[in-house]
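Number of protein chains: 2
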Amino acid sequence: MKVQNYRQVVCKEEAPGATMRIVAGPEDGAPNFVMRVFEVQPQSSTPYHSHNWEHEVFVLSGSGVVRHAQAETQLSEGDVVLVALNEQHSFINTGEGIFRFICVIPLVDGKLPSMPPAG
Amino acid sequence: MKVQNYRQVVCKEEAPGATMRIVAGPEDGAPNFVMRVFEVQPQSSTPYHSHNWEHEVFVLSGSGVVRHAQAETQLSEGDVVLVALNEQHSFINTGEGIFRFICVIPLVDGKLPSMPPAG
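Protein chains in written order, with our numbering: chain A, 12 to 130; chain B, 12 to 130.
Bear in mind the hints are in silico, worked out from the structure with no lab data behind them.
Hints may contain errors.
Identical copies carry no separate label here, and so any pair may be met within one copy or between two of them.
Listed below are the simulated SDA-like cross-link pairs for lysine to any residue, each with C-alpha atoms no more than 25 Å apart in a straight line [said to hold, decoys possible]:
(1) Lys122 - Gln19
(2) Lys13 - Leu96
(3) Lys13 - His60
(4) Lys13 - Val76
(5) Lys13 - Ile103
(6) Lys23 - Val76
(7) Lys23 - Pro53
(8) Lys13 - Ile33
(9) Lys13 - His79
(10) Lys13 - Asn97
(11) Lys13 - Ala82
(12) Lys13 - Asn43
(13) Lys13 - Arg111
(14) Lys122 - Trp64
(15) Lys122 - Ala95
(16) Lys23 - Ser74
(17) Lys13 - Ser74
(18) Lys13 - Ala95
(19) Lys13 - Thr84
(20) Lys23 - Lys122
(21) Lys23 - Glu38
(22) Lys13 - Asp39
(23) Lys122 - Val14
The structure displayed is predicted, hence computed values, not measured ones.
Can you build the whole structure from these sequences, using the hints too?
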């Protein structure tokens, strides 16, 4: 069993104004999926992209939208988003505080999946 | 893409004083893992048990402990617990408010895993 506060975990920049922490992953012994915590600053966002794995997202605090092919959907505390495989998406902070959410992804062959090269 | 607030999801009693909501699961199209939200009332707990799948837990609010073979570990907002396969565990509310946490589990053959019969 491993217990830690997410704030103790080193964060890395995923995009300008958006950081990510891996709070439960292969290095902790997680065998199947990876829990990450994102913090997006006001007017910042995660990249608009797609990939062949899903997201399960839980909004912890702040407010924003998830942009997708159909439109944008408002998000606030307690909202859950299931992003399907190959579905375009971006999480955008439209509020004044930090937009904070959990995002769980699967492991692929026991490893973190990697984005296909651009181009 | 599916978006819903966890409070909109029907909850069921998992143990006396402990409810569970499946906020992203097979019925929503989740292919690999299941996100649940637990709410445990003061002085209540989830069962002390083990099973051959892992948990990734994120504490949303309240305070409690996770009981395990070694001892009990205090938990509060932002704490993350990785419970390994076959590790005994129980989540106990030791505070005065609701002890609320996310718990993610894997799907097994595309279905929710079921507890082995007691015996």
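Within a copy, between copies, both or neither: which one fits Lys13 and Ser74 at a CA-CA cutoff of 25 Å? between (30 Å within a copy, 17 Å between copies)
Regarding Lys122 and Val14, is the shortest C-alpha distance of 25 Å or less found within a copy, between copies, in both, or in neither? Within one copy, since 21 Å is at most 25 Å while 27 Å is not.
At 25 Å max between alpha carbons, let me know whether Lys13 reaches Val76 within a copy, between copies, both or neither. Between copies only: 13 Å across, 32 Å inside.
Same-copy or cross-copy closeness of Lys23 to Glu38 [CA-CA at most 25 Å]: Classified as within: same-chain Cα gap 16 Å, cross-chain 34 Å, threshold 25 Å.
Same-copy or cross-copy closeness of Lys122 to Trp64 [CA-CA at most 25 Å]: both (13 Å within a copy, 18 Å between copies)
Intra- versus inter-copy proximity for Ile33 and Lys13 (alpha-carbon distance at most 25 Å): Both: 13 Å inside a chain and 24 Å across chains, each within 25 Å.
When no copy is named, should Lys122 and Gln19 be tagged within, between, both, or neither for a Cα gap of at most 25 Å? within (22 Å within a copy, 34 Å between copies)
Could you place Lys13 and Asp39 in one of the four classes (within, between, both, neither) given a Cα distance threshold of 25 Å? within (7 Å within a copy, 29 Å between copies)
Identical-chain pair category, Lys13 with Ala82, by Cα at 25 Å: This pair counts as between: shortest inter-copy Cα distance 13 Å, intra-copy 39 Å.
Indicate which option fits the pair Lys23, Pro53 if close means a Cα-Cα distance not exceeding 25 Å: within, between, both or neither. within (17 Å within a copy, 37 Å between copies)
Within a copy, between copies, both or neither: which one fits Lys13 and Ile103 at a CA-CA cutoff of 25 Å? Intra 31 Å, inter 17 Å, cutoff 25 Å: inter-copy only.
State whether the alpha carbon distance between Lys23 and Lys122 is at most 25 Å within one copy, between copies, both, or neither. Classified as within: same-chain Cα gap 18 Å, cross-chain 34 Å, threshold 25 Å.
Checked against the numbered hints above, the structure violates none of them.
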